[in-house]
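Protein chains in written order, with our numbering: chain W, 3 to 383; chain D, 3 to 383; chain C, 3 to 383; chain Z, 3 to 383.
Any given hint could be a false lead.
No distinction is drawn between identical chains; accordingly, a pair holds when it is met within one copy or between any pair of copies.
What the hints assert, rightly or not - Taking lysine to aspartate or glutamate pairs in the EDC-like style, the calculated list, with each CA pair at most 16 Å apart, reads:
1) 374 / 344
2) 48 / 346
3) 218 / 375
4) 218 / 344
5) 271 / 173
6) 73 / 59
7) 48 / 100
8) 189 / 215
9) 271 / 176
For the record, the hints were derived by calculation from the structure and aren't laboratory data.
There are 4 protein chains.
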Amino acid sequence: MTMINWGMIGGGEGSQIGPAHRLGARIDGLYNFCAAALDIDAERGKQFAVSLGVPADRAYANWHDMLEGEKNRPDRIQLVTVATPNSTHYEITKAFLENGFHVLCEKPMTMTIEEAQEIVRISEKTGAICAVNFGYSGYSLARHMRAMVVRGDLGDIRLVKTEFAHGFHADATDADNPRVRWRYDPKAAGVSAVMADCGIHALNLACFVTGQEVDKLSADFVSCIGSRELEDDAMVNFRMTGGAVGRLWSSAVAIGRMHGLTIQVFGEKGGLRWHQEQPNQLYWTPLNGRTEIIERGDESLSPEAISSSRVTIGHAEGMPLAFANIYTDLATLIRSRVEGVDIDTSHVALPMAIDGLNSIASVYAAVESASKEGAWIDAKP
Amino acid sequence: MTMINWGMIGGGEGSQIGPAHRLGARIDGLYNFCAAALDIDAERGKQFAVSLGVPADRAYANWHDMLEGEKNRPDRIQLVTVATPNSTHYEITKAFLENGFHVLCEKPMTMTIEEAQEIVRISEKTGAICAVNFGYSGYSLARHMRAMVVRGDLGDIRLVKTEFAHGFHADATDADNPRVRWRYDPKAAGVSAVMADCGIHALNLACFVTGQEVDKLSADFVSCIGSRELEDDAMVNFRMTGGAVGRLWSSAVAIGRMHGLTIQVFGEKGGLRWHQEQPNQLYWTPLNGRTEIIERGDESLSPEAISSSRVTIGHAEGMPLAFANIYTDLATLIRSRVEGVDIDTSHVALPMAIDGLNSIASVYAAVESASKEGAWIDAKP
Amino acid sequence: MTMINWGMIGGGEGSQIGPAHRLGARIDGLYNFCAAALDIDAERGKQFAVSLGVPADRAYANWHDMLEGEKNRPDRIQLVTVATPNSTHYEITKAFLENGFHVLCEKPMTMTIEEAQEIVRISEKTGAICAVNFGYSGYSLARHMRAMVVRGDLGDIRLVKTEFAHGFHADATDADNPRVRWRYDPKAAGVSAVMADCGIHALNLACFVTGQEVDKLSADFVSCIGSRELEDDAMVNFRMTGGAVGRLWSSAVAIGRMHGLTIQVFGEKGGLRWHQEQPNQLYWTPLNGRTEIIERGDESLSPEAISSSRVTIGHAEGMPLAFANIYTDLATLIRSRVEGVDIDTSHVALPMAIDGLNSIASVYAAVESASKEGAWIDAKP
Amino acid sequence: MTMINWGMIGGGEGSQIGPAHRLGARIDGLYNFCAAALDIDAERGKQFAVSLGVPADRAYANWHDMLEGEKNRPDRIQLVTVATPNSTHYEITKAFLENGFHVLCEKPMTMTIEEAQEIVRISEKTGAICAVNFGYSGYSLARHMRAMVVRGDLGDIRLVKTEFAHGFHADATDADNPRVRWRYDPKAAGVSAVMADCGIHALNLACFVTGQEVDKLSADFVSCIGSRELEDDAMVNFRMTGGAVGRLWSSAVAIGRMHGLTIQVFGEKGGLRWHQEQPNQLYWTPLNGRTEIIERGDESLSPEAISSSRVTIGHAEGMPLAFANIYTDLATLIRSRVEGVDIDTSHVALPMAIDGLNSIASVYAAVESASKEGAWIDAKP
């Protein structure tokens, strides 16, 4: 099986997300990392790329050079990951899609709804894949929840309760720390802080698991640390297109919570609870029955769970394998495009540009609602 | 130490809350259960009372008879517990307070704000104690959380996140079950279902622990089971008088959750997490520090925790002991009134009529907000 | 229903176990605490007894006086609880049994096997009940485990794994602390420390749940703190009369463990796990099935669990209610003796003198085995 | 950085451990998988190797061919992983070491103590590295425990309590299942079943964390399913070279336990608890202090923990990253041999041939002890 040529923009030395992508891409051995523009400091970026095994002539100074350098190569990259600062996602993703490259874009896909709509259009027009890295959807048991919903185990979904609440921005004395401060400054971060950064994952997961989109919402944003312009705590109530009610809490001041991505799904026929920090167990309670512990790796689980699980039951899997599932699904899609036949894509479950668009529309709706004392706002893009 | 003469109205055979009160009152041996009007069926109520050890002449047919019978006795009851259907709390509590009896009233204290204000006035005027049975405040670690807030361990409180979400009314086929149905019928239950029944406990606990009241709120109510007039799921955002932000979720359709009363308190200097179903552990994370597990019974805890704890560390205590703390605090207050001196009431931490009033005002505000698409409503009575 | 006259020997001011007994006896309101000899300091004991409501003429200076004082009264106590230092259990229990009093004796019932055999004989001869306070057997879910074994849910029991390991005697600098030191001094504590004090509970629970006795055993004792003569950590392997294999660990140096009584039972058809510190949940895994969480208070549980449970599902119950179950079962037995008819004793599950004897025989066998490098020793008395 | 040429013997299609090794080796991108003899069926093995990217001329029919083929190539593999059936580990490992290849051998390293001693000798003589895949030692928090012991946080270690107990061989009706049966047949499995297969990991982890070896031991083996010749449940008490006491339980009939590798370490100054199934949290209790939750990824942890951690705090890591740490440490060692200078190997923490030898000696000692009713047996090789 030929490896897929892959490149990366952003994610240089010191980045958190860069190594996570490279790890995810390496895990199943499907990608050849052969082009990169990793850093705003061109020289630093090139050196780092070479140290990671990228050929020197494909270690580019910036994404423009990379686009030019790659687009006419016979062995050009098939997939590019965009892990640059948020405000640049749009132009880079757009440019690569327009040149027929498949893209995996970090979230948020764009800074505005209009940009996101443009990305969706371009992806449709060119046929280039644009996936968005809502990486938690890659967990085996997240996929199993989705499969349970699809096959009707829960009946109609009544309620989704989701959280992404951590406490790492709770230190008021830290307000001048540049690593934290920019996140609460609209000039650097855009219209929203914790909702756009963390809450968006919880929101996407709610959509991913239920198969429904956010229809309208009402939000309450607060800045618990007074000097912040943007919110460090947010509560969003929403209604989904399939009738489910949603409740989402996101916080950066919840001292003692490490990460806090959780989802609970309640339907007519049962309820599910899952916690990203203990991702190998899923709690399932059938209506009028006892709570059961579903273990990742259990051979009786859905094909979606099995195909996204690598080690045997009782051996923990973690976030890097969730990322690996994103990359491996992308490889499957890319191959099905190239080879045209016989590639089974039925288990692929990838957040795509449309999900990027929907999530940004929800963030904007939340910002508007919060500015209007929680008025209900249409969240459809 | 002389026992306190105690009587009970409501809580007859088959009642859930009746045995819990009798258990709570017995645990420290401070009460002599000697008068009762336990049942709407006078004969049944009398027989049951006698079977519980109440003298036959003080096993009354109804509360009117009990009031008449007791008020002129030299050995009349000092405290009466009111555990009748909600709609009768007001008149009974009022009548007993007016005759100088101390009252422990089940929640909700009344059906309207005006009634609650009246109870507060009467209690003030007569000097009779009116406590409200927000029994979860009796847990040793609930009291320790409150003590930590008071002594400043958390600094200013930024955020309170609380839940009371169970799944025992999730069966749509159960809609005609009379034990469940009345709760969602405004004619029987009043203006609110799950918020007034369960959410009110979470709300009171938030006030109890933080020492703040609800100032204003915004609510989202839904009936996940369509045939219900009243809400079976509620989300309330609120602002507290001391500046804290509050978020409260209450549900009766969260299949798999048994009870679900939890509270998380986040301040400038640390965060707390406590779960009523595992009440002997409290999770405390100081800012920039590690999460510590605080065990009930630890001798280094606050006096408030120590004095409300009965068995040694590592031996579980449960809800009956929380109720016992309510009763024992009441005994302390009653004695301090009677004996006039030297009774240390400094550890008493009892929800009183004013808390009953505040909580009802919040429920009404939530109902109004929910009917106005989440408009922010003043919650002060 | 007439209350049972009850007295107590030992358990004076400052005692841990004394209040736990009084609490357990009060919870269901079945006992009238009317006679006591609480303290080695006669005056202190009398005063304390009176402060607890014991009539002054029945607040005795010592157990001899109490026996004399009670034995000819028409309203003499029916049950006496013996909570004195271990070395006195035998003579007191013996004397009261011989005079026809029912006894609840703290563990260990006696200091020697011969004494324990004598107690069993006297109890049989006189017909006086002698129960031993293996109080953890009173937990609702402990009884449910036993019921599950009896009704065959697990099939033949293969293996019992049990622990009672805490860390409160781990401080070597504490070696001179008199509250700790005596426990490791054979002159004060007898032949065994942590095994006789803690391990014995785990051992009894294994027998209680499986319905089997210890047949033979092999023990490894160590004193992790070198200055101790008796063991502060013990491991015992055993074989049970019904074919089960047993493994028991007990420790007093396991820093971080608060109490640590746990039991796991593995049979042909499923496995159970229960932890005393979270006593309201029981984990049950049927062979080839998923783990289910059994909640105390679930109405579908065994009659044995239901009848020993007081509050509704989701509301924690703790150790005092386990003790209450011991007392209430005793009341049922006593009444069935007195009233001769129609008292249903089928749910009574009380450790009796024979269990006290068996557990002491096991402790002696463990001591002998440990002194012989783990040689297998017959543990039957 | 040049990649290390790497080959694999065994671990063909359908194998559990094969993919885990390839995954571990890929994660940090340090290895070039370029030679293989994966299957007893030569053709199947070759095809599978090629499908995994191994060049056709280095996809060998068997290990003999591979040794011949590789040993004279200028680009010969530097490391070979041996993941064949246990009985072949010795001859293969021996042959490759003798030809100067570094080896990562699956456990157990050999079938006999003598063979293991021979491997140690050859490794020493040739200078070729022989590591043994006790993969759980690769977890970041396992390494942090070891670092805490080394730096004295616990003081002298008193007690190690470890378990590896699962329930996947508990079905008696499965006794003829060939995937299970061979494990309990001495002709196929050797002298021990669950102890050699699972318990050995717990034993190694106890040694890894404490830095001590097993000095002598006493074992109790049972076959809970009667038709088995070898043990399916084992308890081993041991004494370590540094004075610690050890207790190890291993089982294959513990229905409801998925894997069950846990370790608790108790020292003079504190206690640690860690569970492989929730590997991102470590519970630490300092003497006389509160239990703290140590999170993987916390930047304040030991260098050993930091360097073996890849994703940020709150994002789960699992077993594949533990394996990756084994491979990456091996790469560091190999490079330090090749490049001779400046490679920091101070954080390398790899179980080596000596650990393979020690663990086998312990298994043999346990078998002997079990056959002699638990007699204490010298466990030093």
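Practice task
Could you place residue 218 and residue 344 in one of the four classes (within, between, both, neither) given a Cα distance threshold of 16 Å?
Solution key: The answer is neither: 40 Å in one copy and 60 Å across copies each exceed 16 Å.
Handout entry: Status of residue 59 relative to residue 73 across identical chains (alpha carbons, at most 16 Å)
Key = within (14 Å within a copy, 34 Å between copies)
Exercise for the section: Go through the copies and call it for residue 189 and residue 215: within, between, both or neither, with a Cα cutoff of 16 Å. Expected result: neither (29 Å within a copy, 36 Å between copies)
Practice task
State whether the alpha carbon distance between residue 271 and residue 176 is at most 16 Å within one copy, between copies, both, or neither.
Solution key: between (47 Å within a copy, 13 Å between copies)
Exercise for the section: Give the relationship of residue 218 and residue 375 under a CA distance limit of 16 Å: within one copy only, between copies only, both, or neither. Expected result: both (15 Å within a copy, 12 Å between copies)
Exercise for the section: Go through the copies and call it for residue 48 and residue 346: within, between, both or neither, with a Cα cutoff of 16 Å. Expected result: Classified as neither: same-chain Cα gap 37 Å, cross-chain 25 Å, threshold 16 Å.
Practice task
Can you give me the call for residue 48 and residue 100, within, between, both or neither, at a CA distance of at most 16 Å?
Solution key: neither (25 Å within a copy, 42 Å between copies)
Exercise for the section: Tell me, please, which holds for residue 271 and residue 173 at an alpha-carbon limit of 16 Å: within, between, both or neither? Expected result: between (43 Å within a copy, 8 Å between copies)
Practice task
First find the shortest C-alpha distance between residue 374 and residue 344 inside one copy, then the shortest across copies, and answer within, between, both or neither for a cut-off of 16 Å.
Solution key: neither (52 Å within a copy, 55 Å between copies)
Comparing the model with each earlier hint shows violations of hints 1, 2, 4, 7 and 8; every other hint is respected.
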